[in-house]
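Novice: Under the UniProt record's numbering, the residues of the sequence shown are numbered 1 to 259, in order.
Since the hints were derived computationally from the structure, they do not count as laboratory data. Every value quoted in this text rests on a predicted model; they were computed, and no experiment measured them. Incorrect hints may have been included.
[Claimed, not checked] Distance windows between CB atoms, simulated:
{"hint": "1", "residue 1": "182", "residue 2": "129", "range": "20 to 30 Å"}
{"hint": "2", "residue 1": "137", "residue 2": "43", "range": "42 to 52 Å"}
{"hint": "3", "residue 1": "38", "residue 2": "133", "range": "47 to 57 Å"}
{"hint": "4", "residue 1": "46", "residue 2": "196", "range": "39 to 49 Å"}
From the three backbone atoms N, C-alpha and C, an ideal C-beta is built for every residue, glycine too.
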Amino acid sequence: MRRIFLSGTGLVAVALTATIAALLFPVWSYADRSGTGLANLNAGSVPTRWGPLSAADRDFVVRVRLAGLWELPAGQQAVERAPSAAVTAAGHHLVDGHAFLDARVREVAAQLGMELPSQPNEQQRGWLRTLTSESGTTYEKDFANILRSAHGKVFSLVAQIRANTRNSLVRALADDANTTVLDHIRMLEATGLVDFDALARDSVSGTTASPSGPPPPTPGATPASPVPVTPSFPLPPAASRANPTGGPAEDPAASPDTP
């Protein structure tokens, strides 16, 4: 009986030990398990002298290049057609901004050993075909709204990359992209042709609203008509190139570990 009692106690002790180990093991190994966010980030990153380059970083660099491949021609088209002063001004900013940004992205890609696309994707080519086939008021409205919608999507991506990247080259490129894209957004909105209701509907399509929802509008209230902003022609200096001392522009690649 004493032997049986000891054997039973031993089994209970073994069972308790196994249970505690089973509970603790997932906690210990969680950060390294395949499928977790950290594991996926590390698996998709490659080391560089400027910091880890993630899959999201590489996607961002490619998207900056793709944006220039169709938005610069769209700007050139607006300048050539000169349908109105505001649309022509927006076209000039698109050309100048993407000429600069394309040079920057090719510089960054070369340093990181990345290949870049040489033509826009099918959706972007479709937008160019649409604008090319139009004229007059229809062209002006579609120019302002197609490009404003595209820039809005890129703007949110730039913010995400700028906040999270561990690579200093990508961080500097995001600074330049932020300055350029914001300038283009302002110029497109300055045409007075942007449909902000359509932009809002597009931004929430496919999302689920809060059960309580926003407060209802005041009965009888009429939204004020948008007032076009007077365009400011000079392109703002790119963030990574600005030098407050007035000396030569700084090269972000010169200091690989600069935050």
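Novice: So, for every hint listed, does it hold in this structure?
Specialist: Each hint, compared with the structure:
| no. | hint | in the structure |
| --- | --- | --- |
| 1 | 182 to 129: 20 to 30 Å | 27 Å, holds |
| 2 | 137 to 43: 42 to 52 Å | 51 Å, holds |
| 3 | 38 to 133: 47 to 57 Å | 48 Å, holds |
| 4 | 46 to 196: 39 to 49 Å | 41 Å, holds |
In this structure, none of the earlier numbered hints is contradicted; all agree with it.
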